[in-house]
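Undergrad: Each chain is listed here by its residues.
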Amino acid sequence: MNSQLLQIAARFLSWPLVIVSLWLLYRGHNLPGGGFIGGLLAASAFMLFDLSGADRSKAGVFSVSPFVLMPLGLGLAVLSALPGLFGAGFMTGAWLPGFELPLLGKVHLGTPLVFDVGVYFTVIGFILLLADTLNEKES
Amino acid sequence: MSLDLPILLTLLLAVASPWWFAASRTTFLIVGGLLHGGHLLYYLGQLAAVSGGGDAPVRQSSEWFPTDLIAWSFSGTPWSLLFAVMITGIGLLIFLYAVGYFGSSAKASRFFAPLLAFEAAMLGLVLADDSVLLFLFWELTSITSFFLIGFNHEDGKARWNALQALLITGLGGVAMLAGFLMLGSEWGTLSLTDWRAEIAAGSLPSMAPLILILLGAMTKSAVFPFFFWLPNAMSAPTPVSGFLHSATMVKAGIYLIGALHPLFATSPAILGTLVVTGSITALTGLILGWVQTDLKKILAYTTLSILGMLALLLGLGTPEALKAAVLVMLGHACYKAGLFMAAGAIDKAAGTRDVRELGGLRAVLPVLAVSSFVLALSKAGFPPSLGFVGKEYVYKFGFGGPVLAQALLVFLFIINLGLMALALRVAFTPFRGEAKMVPGSVKKLNGLMMAGPVALAVAGLVLGVLSPQLLTPVVGAAVSQIHGAPVDLVIKLWHGVNPAFLLSLATLASGWFLYQKWPSHGNPNLAARALGGFESFYKLCFDGLMKGSSMLTSHLQNGDLRSYLRWFFAAVLLLVGAKWWMSGFPAISLPGGADEVPWIEWALVPALAVFLWVTVTTSSRIFALLSLAVVGLAIAFVFARLGAPDVALTLLLVETFTVILFMRIVGGLPQLRNIAPPRERLLDILLAGGMGLMMTLLALKVAAVQTHPSISNTLADWSYPLAKGKNVVNVILVDFRALDTLGEIVVVTIAAVGVRLLWKNSRASEKSQPPSQTP
Numbered sequence: 001m002n003s004q005l006l007q008i009a010a011r012f013l014s015w016p017l018v019i020v021s022l023w024l025l026y027r028g029h030n031l032p033g034g035g036f037i038g039g040l041l042a043a044s045a046f047m048l049f050d051l052s053g054a055d056r057s058k059a060g061v062f063s064v065s066p067f068v069l070m071p072l073g074l075g076l077a078v079l080s081a082l083p084g085l086f087g088a089g090f091m092t093g094a095w096l097p098g099f100e101l102p103l104l105g106k107v108h109l110g111t112p113l114v115f116d117v118g119v120y121f122t123v124i125g126f127i128l129l130l131a132d133t134l135n136e137k138e139s
Numbered sequence: 001m002s003l004d005l006p007i008l009l010t011l012l013l014a015v016a017s018p019w020w021f022a023a024s025r026t027t028f029l030i031v032g033g034l035l036h037g038g039h040l041l042y043y044l045g046q047l048a049a050v051s052g053g054g055d056a057p058v059r060q061s062s063e064w065f066p067t068d069l070i071a072w073s074f075s076g077t078p079w080s081l082l083f084a085v086m087i088t089g090i091g092l093l094i095f096l097y098a099v100g101y102f103g104s105s106a107k108a109s110r111f112f113a114p115l116l117a118f119e120a121a122m123l124g125l126v127l128a129d130d131s132v133l134l135f136l137f138w139e140l141t142s143i144t145s146f147f148l149i150g151f152n153h154e155d156g157k158a159r160w161n162a163l164q165a166l167l168i169t170g171l172g173g174v175a176m177l178a179g180f181l182m183l184g185s186e187w188g189t190l191s192l193t194d195w196r197a198e199i200a201a202g203s204l205p206s207m208a209p210l211i212l213i214l215l216g217a218m219t220k221s222a223v224f225p226f227f228f229w230l231p232n233a234m235s236a237p238t239p240v241s242g243f244l245h246s247a248t249m250v251k252a253g254i255y256l257i258g259a260l261h262p263l264f265a266t267s268p269a270i271l272g273t274l275v276v277t278g279s280i281t282a283l284t285g286l287i288l289g290w291v292q293t294d295l296k297k298i299l300a301y302t303t304l305s306i307l308g309m310l311a312l313l314l315g316l317g318t319p320e321a322l323k324a325a326v327l328v329m330l331g332h333a334c335y336k337a338g339l340f341m342a343a344g345a346i347d348k349a350a351g352t353r354d355v356r357e358l359g360g361l362r363a364v365l366p367v368l369a370v371s372s373f374v375l376a377l378s379k380a381g382f383p384p385s386l387g388f389v390g391k392e393y394v395y396k397f398g399f400g401g402p403v404l405a406q407a408l409l410v411f412l413f414i415i416n417l418g419l420m421a422l423a424l425r426v427a428f429t430p431f432r433g434e435a436k437m438v439p440g441s442v443k444k445l446n447g448l449m450m451a452g453p454v455a456l457a458v459a460g461l462v463l464g465v466l467s468p469q470l471l472t473p474v475v476g477a478a479v480s481q482i483h484g485a486p487v488d489l490v491i492k493l494w495h496g497v498n499p500a501f502l503l504s505l506a507t508l509a510s511g512w513f514l515y516q517k518w519p520s521h522g523n524p525n526l527a528a529r530a531l532g533g534f535e536s537f538y539k540l541c542f543d544g545l546m547k548g549s550s551m552l553t554s555h556l557q558n559g560d561l562r563s564y565l566r567w568f569f570a571a572v573l574l575l576v577g578a579k580w581w582m583s584g585f586p587a588i589s590l591p592g593g594a595d596e597v598p599w600i601e602w603a604l605v606p607a608l609a610v611f612l613w614v615t616v617t618t619s620s621r622i623f624a625l626l627s628l629a630v631v632g633l634a635i636a637f638v639f640a641r642l643g644a645p646d647v648a649l650t651l652l653l654v655e656t657f658t659v660i661l662f663m664r665i666v667g668g669l670p671q672l673r674n675i676a677p678p679r680e681r682l683l684d685i686l687l688a689g690g691m692g693l694m695m696t697l698l699a700l701k702v703a704a705v706q707t708h709p710s711i712s713n714t715l716a717d718w719s720y721p722l723a724k725g726k727n728v729v730n731v732i733l734v735d736f737r738a739l740d741t742l743g744e745i746v747v748v749t750i751a752a753v754g755v756r757l758l759w760k761n762s763r764a765s766e767k768s769q770p771p772s773q774t775p
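Line by line, the protein sequences give chains A and B.
Throughout the first sequence, residue numbering follows full-length UniProt numbering, covering 1 to 139 in sequence.
Throughout the second sequence, residue numbering follows full-length UniProt numbering, covering 1 to 775 in sequence.
Here chain A stands alone, though its shape is the one from the complex (with noise of 0.2 Å):
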């Protein structure tokens, strides 16, 4: 499928999907949403320059290796359970003061942000690599 109208559509949609995506990642903790479904959002951003037939390594931040996102995803992963090792243990949570910022209120900085946004990179890396290798397999 090759489709000047979805190619357009892709570069206007992908952006605000995104941004969407940073959003449901980051209020997670409080309501829906969660790197998960962030990762998986953010990964259909991606899909809409497949579908439409565009070459997804010339659209910048869009052309990023699977194999550079998963690696990070798991590292960032387990960089957030070492600072509970010099606390209350493994894996616990540790959080920096919170603090006021417009827009987004009061703010709590902490390591299960850091993991969550490791879970949010491996989901999009295992879905871009899934997408590569049948995109191989079609060629």
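No farther apart than 20 Å at their CA atoms in a straight line, the calculated lysine to any residue pairs in the SDA-like style are these:
| # | chain 1 | residue 1 | chain 2 | residue 2 |
| --- | --- | --- | --- | --- |
| 1 | B | 724 | A | 100 |
| 2 | B | 492 | B | 480 |
| 3 | B | 726 | A | 109 |
| 4 | B | 492 | B | 466 |
| 5 | B | 436 | B | 294 |
| 6 | B | 726 | A | 96 |
| 7 | B | 724 | A | 23 |
| 8 | B | 348 | B | 446 |
| 9 | B | 726 | A | 22 |
| 10 | B | 726 | A | 95 |
| 11 | B | 760 | A | 135 |
| 12 | B | 724 | A | 95 |
| 13 | B | 724 | A | 83 |
| 14 | B | 760 | A | 136 |
| 15 | B | 726 | A | 97 |
| 16 | B | 724 | A | 30 |
| 17 | B | 726 | A | 114 |
| 18 | B | 579 | B | 701 |
| 19 | B | 724 | A | 110 |
| 20 | B | 760 | A | 132 |
| 21 | B | 724 | A | 109 |
| 22 | B | 726 | A | 100 |
| 23 | B | 726 | A | 23 |
| 24 | B | 348 | B | 428 |
| 25 | B | 579 | B | 694 |
| 26 | B | 701 | B | 575 |
| 27 | B | 726 | A | 31 |
| 28 | B | 724 | A | 97 |
| 29 | B | 760 | B | 561 |
Source of the hints: derived by calculation from the structure; they are not laboratory data.
The structure displayed is predicted, hence computed values, not measured ones.
Let chain A serve as the given structure and place chain B on it in line with the hints.
TA: Structure of chain B alone, referenced to chain A:
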């Protein structure tokens, strides 16, 4: 120093040996020799202390598994220490011999690791007090001997022989383990010492474990009908044969029978089995040895003969028979190791082991000639060698014993006669008479290779002459232990002229006559034919096993996803169904409150049914996929209605990706209708229906059963104060149960890499096939 230290040190030397030997042969030789010497002295000291009468056997135990069932425990009983002394003593000589035998050849550096590991395992086997520990060492000897027998791995026959030895002794070992565990659950202990104490206290073991343990001992010691692996094991290098056949591998079964003799003695049937199979083995070994011309083969068959005689004596089980058994075993360990080393030396020097081509070597190898002759005298039972002492007691026991024993005298006379003639053939023929080798073609021998035969010849003589002083306490203690009650015995070299002595003289005279009048014509094919029946039965079992497992694999693992699912579903249905049936079909109650379900959720039911029907009946994969996605969406809707928005959202996205990704490959797949014939479809319907029914019942049952108080409210209460999050699902995922999630994303990563590799491989194999075969 403790009993297990030599085991660990020998293992350590084994691990270091490949590098050490390559780096510095001399230091390896010196350190290895000193280590063996130290171990020998240590065990000799222990043996002297235990058999002196005063000291109780050392028992030591330490924990190595977090269970008190299998202990790292050892006991230095006289019988065990006697073996430990033989293993380290002959091990020392074999070690020196092997260094000389291999010289600086490249093979040598990989030889010592299995040899030393085997020696360590053998030491562990005879010293272990815990029966499961004994089993572990037992299997370790099987595995290391596999590498030793198959050492010349370029030779297919050697590999086959190694595998045969491994399978037969390994299977026996497994039977033995089963026996140990059965006895263990019967008496609540796995310790050999405790078992002997149970017998002394009057307990009777049941029959099944005894048979299983005996099976292990008989396979290891190559007793009929498991004897055919031993002559085949001759494909090992000579140092290995010398070690395996004298004091170690094949004596492990004899050790076990001795160590558990009080248990076996409770059953006349077990002892009777030993007598019968031992006699058959002894005679077979002799007859088949007679037709051999290869020095090593002759020695191997006489080993069979001796093993049979030992089994026979242990089976007779009287204190006199046991005394004879211990002496024969000691004598055999010395002369057999020495004769093997001599045979290897002759082979190295003259370039052949065929007794018909050897002769007159005494002029070139005088030291070897003398020591071989002395060893042969011990084997033949010539006074005052250790072999003579052993044979005297075999006969003495016969004359003084029960009627059965007297009947056996004739039999033992024939065996000893044959052994004597064969001893002369192995150790006398190569040296006597005219030189048959081209002068100058005989190579010089390394001094290290002479040490073994000379030392063992001297040891046989010294132990024979000084047997009253040296051996009386040791053999007495060992026999008392085997018998399970104190036995008072005295060993004498000279009993005066009595029937046993006269029979000994008769043996020597007729043995010499036999040797002179009936030289070997060599007919190894007879042996091959005689053992052929056992070999082909073994081969039949072996091939059957291979065929059976490949058939099973091609059915279970045939690469067809549908058949994997079938096996999986069938197995799950069977297991859960069996559990359901065993618990008497517990009633399933429908949860109440069906009338509270809003109409919109009821409305989903017919819609789901319609789309499911489309999924299973359509012939188009795209239709099937899309309608299945609709089913998924409907379920996501239910999740959202039931207050699980996270799950609903995730399911929605996953369904979307499934469709997107599947669309990419659907074009290349065949039509659904063409895949399965009607009969298979019926099976699939049954399995799918059964699976669905089972899952529904399980879900209903799970909802109705509450074994523990629900944790959801606790988690909801903790969520904000502990984890600063209001979305409990997410807090569980990234905080409370973050380790689980980490595991899951690792699995996701592995799955993705797996998909990629599968895909690449299938493409690569498609490419490598000729085009006509690709569909």
